[in-house]
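**Student:** So the protein sequences, as listed, match chains X and Y. In case it helps, the numbering used here puts the first sequence at residues 1 to 392. In case it helps, the numbering used here puts the second sequence at residues 1 to 136.
One or more of the hints may lead you astray.
[What the hints assert, rightly or not] Taking CB as the label site, the calculated pair distances span:
# : chain 1 : residue 1 : chain 2 : residue 2 : range
1 : X       : Arg199    : Y       : Ala109    : 20 to 28 angstroms
2 : Y       : Ser55     : X       : Pro121    : 41 to 49 angstroms
3 : X       : Ala205    : Y       : Gly114    : 53 to 61 angstroms
[Said to hold, decoys possible] Some, not all, of what chain X presents toward chain Y, calculated at C-beta under 8 angstroms:
#  : residue
4  : His161
5  : Pro206
6  : Ile208
7  : Glu210
8  : Glu258
9  : Ala260
10 : Asn261
[Stated by the list, open to error] Derived, one-sided and incomplete: chain X residues facing chain Y with beta-carbon distance under 10 angstroms:
#  : residue
11 : Lys127
12 : Asn141
13 : Ala209
14 : Asp257
Everything labelled a hint here was simulated from the structure, so no lab data went into it. Where a beta carbon is used, it is the ideal one built from N, C-alpha and C, also for glycine.
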Amino acid sequence: MTSDVWGGCAIVGVGETDYVRGGDRHVCDLILDAAIEAISDAGLTPAHIDGIIPPPGYMSTEEIAAHLGVPDVAYHASILMGGASPTASLQTAAMAIAAGVADTFLICMGWNGYSALRPKPDARPTKRTMNLGPMGETVRNLYAPYGLMSAAQHYSLYLRHYVERYGVPEDAAAAVALTCRDHAQLNRKALMRGRPLTRDEYDAAPFIAEPLRKFDCCVETDCATAIVVTSIERARDLPHPPAVYLGGAEGHPQPADEIANRPDLLELGIHRAAPRAFARAGIAPTDVDVLEIYDCFTYVVLLQLEALGYAEPGDAASFVADGNIGLEGRYPMNTHGGLLSQGHCWGLNHVVEATRQLRGTADAQVPDAEVALVTGYGDLGDGSVAILGKDR
Amino acid sequence: MSRPTKTYVPSPEWIVLDWHHACIETDALCIQQCDKCGRWRHPPRRCCPDCFSDSYEFRPVAGTGSVRSLAVSHRSLDPGWNERAPYAVLLVELDEGPSVLAATDLCPAEIEIGQPVDLTTERRSDDFSLVWANPR
Ligand SMILES: [Zn+2]
Chain X
1 MTSDVWGGCA IVGVGETDYV RGGDRHVCDL ILDAAIEAIS DAGLTPAHID
51 GIIPPPGYMS TEEIAAHLGV PDVAYHASIL MGGASPTASL QTAAMAIAAG
101 VADTFLICMG WNGYSALRPK PDARPTKRTM NLGPMGETVR NLYAPYGLMS
151 AAQHYSLYLR HYVERYGVPE DAAAAVALTC RDHAQLNRKA LMRGRPLTRD
201 EYDAAPFIAE PLRKFDCCVE TDCATAIVVT SIERARDLPH PPAVYLGGAE
251 GHPQPADEIA NRPDLLELGI HRAAPRAFAR AGIAPTDVDV LEIYDCFTYV
301 VLLQLEALGY AEPGDAASFV ADGNIGLEGR YPMNTHGGLL SQGHCWGLNH
351 VVEATRQLRG TADAQVPDAE VALVTGYGDL GDGSVAILGK DR
Chain Y
1 MSRPTKTYVP SPEWIVLDWH HACIETDALC IQQCDKCGRW RHPPRRCCPD
51 CFSDSYEFRP VAGTGSVRSL AVSHRSLDPG WNERAPYAVL LVELDEGPSV
101 LAATDLCPAE IEIGQPVDLT TERRSDDFSL VWANPR
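Whole structure, please, built from the sequences with the hints as guidance.
**Tutor:** Laid out in structure tokens, this is it:
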């Protein structure tokens, strides 16, 4: 059976662990906890799963299938775009489902993003690592010898350029950090629930790598998420209202594996992905009700909002400061708290939240949300977009 | 500010190693140049992005350029660099066209975008040299 790629499949199950710093769950258990929850949430069993997209590292498709008892994997693919992977994975699943190669995908993500760097006495150790993919060689050979080892430092090469080119004010991204923290107060699983952030605290925080201060950076967490994607026909028979994959795309800057020699330092993967995604979904930016924007760093959100067409280049600061992204705003953003305040699950937590918004079951529910846009951002500027909508 | 002596030194391989060996042998900043069309390119690549030729050589450049951007780090996981924090790493556009990352003796506040700089290399191992950029 073959069907349309865009609009032909839907997210029917979601799973999500707590977002913690340290704990006694092994990273494999975290990943499998989320997978089991997603399959159960879809009203399915492992026997229904015939496609798998594993996390970038930690566990292979073969292991995941064996531990869950998936009897027949007809197709699998690894997507290695760092934090752009989960959102891009939807595109791969949609193509395979439309082609009739596989019917029902499990897409999972999980890691010990906190404990790997800062082991706690009670954390179960692992020798498993993330697959750095294309950026490993670049960082090892070209950036780390200059002390540039963290993503904040690498991205500061173009974020600083952004500030210089447009004369962006020093507090340009404050509203992103504060809004995500506000939304996290409403999310049962957010790491930063119960820890509100004030403007004074934001302003007083030290720089990490200019222009990024402490609260411009996401929170490292141990966590996992998973989703189940199947054809729209099967989706209509399952317990939850389907979150239909209306369209999506990936994009890569040129060159993708190195920042310094890009003709335009501010042209990222999402600048190529965004127009493709809107065209495939057949919608305009103004048709979107909820934004779940990959927020590893606040300034990266600003660049993505501009690439998506929500603000002119250099002007996203006024878009976020003008109340657009709060729960009462025109485009509520990162309603779960985002990577900045819920936790860092490579943006698959953004896909989970978008699905809940369309089901009407989010902790911070946007009334009558019909279309949700999710972005992914990863490695040295790869980008992905997924546009999800209610079944019509 | 004195230059750090104990920082991470990678063991590059393949085409990146060839680049470092050229810098070390000539005791100068070398950059890859296409044999067919003459275009300079960096970091080292097998094929020329203009003409697709994979015939090339690493040749010394003039060692002059200007600051295109910079990363000002207030902490680094590398203890040697962290001692200098806050410190700047420059993204320098060479007069030949390509851009390189370079350490600098300048303090972050002294640096201006577009500022001209001279580039030199510092041999850190048999297989790696660090690039430095400072005002002429
Ligand atoms: Zn050429």
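**Student:** None of the hints should be skipped; say for each whether it holds.
**Tutor:** Hint-by-hint comparison with the structure:
Under the hint 20 to 28 angstroms, the C-beta atoms of arginine 199 of chain X and alanine 109 of chain Y, about 26 angstroms apart, fit the expected range. A hinted range of 41 to 49 angstroms is violated for the C-beta pair serine 55 of chain Y and proline 121 of chain X, which are about 58 angstroms apart. Here the CB-CB span from alanine 205 of chain X to glycine 114 of chain Y is close to 30 angstroms, at odds with the stated 53 to 61 angstroms. The beta carbon of histidine 161 of chain X comes within 4 angstroms of a beta carbon in chain Y, closer than 8 angstroms, and the hint placing it at the interface holds.
A cut of 8 angstroms between beta carbons decides the hint on proline 206 of chain X: the least distance to chain Y is about 6 angstroms, and the hint holds. Hint status for isoleucine 208 of chain X relative to chain Y: holds, with the closest Cβ pair at about 6 angstroms, below 8 angstroms. Taking 8 angstroms as the C-beta cut-off, the interface hint given for glutamate 210 of chain X holds, the closest approach to chain Y being about 4 angstroms. At about 6 angstroms, the closest approach between the beta carbon of glutamate 258 of chain X and any beta carbon in chain Y falls short of 8 angstroms, and the interface hint on this residue holds.
The interface hint given for alanine 260 of chain X is met, as the beta carbon of that residue sits about 4 angstroms from the closest beta carbon of chain Y, less than 8 angstroms. A cut of 8 angstroms between beta carbons decides the hint on asparagine 261 of chain X: the least distance to chain Y is about 5 angstroms, and the hint holds. For lysine 127 of chain X, the shortest C-beta to C-beta distance to chain Y is roughly 20 angstroms, which exceeds 10 angstroms, and the interface hint is violated. Annotation: asparagine 141 of chain X was flagged as interfacial toward chain Y, and the flag holds, the nearest CB pair being 5 angstroms apart, inside 10 angstroms.
Of the supplied interface hints, the one on alanine 209 of chain X holds, with its beta-carbon coming within about 5 angstroms of a beta-carbon of chain Y, less than 10 angstroms. Among the interface hints, the one on aspartate 257 of chain X holds; its C-beta lies about 9 angstroms from the nearest C-beta in chain Y, closer than the 10 angstroms criterion.
Violated hints, in rising order: 2, 3, 11; the structure is consistent with all others.
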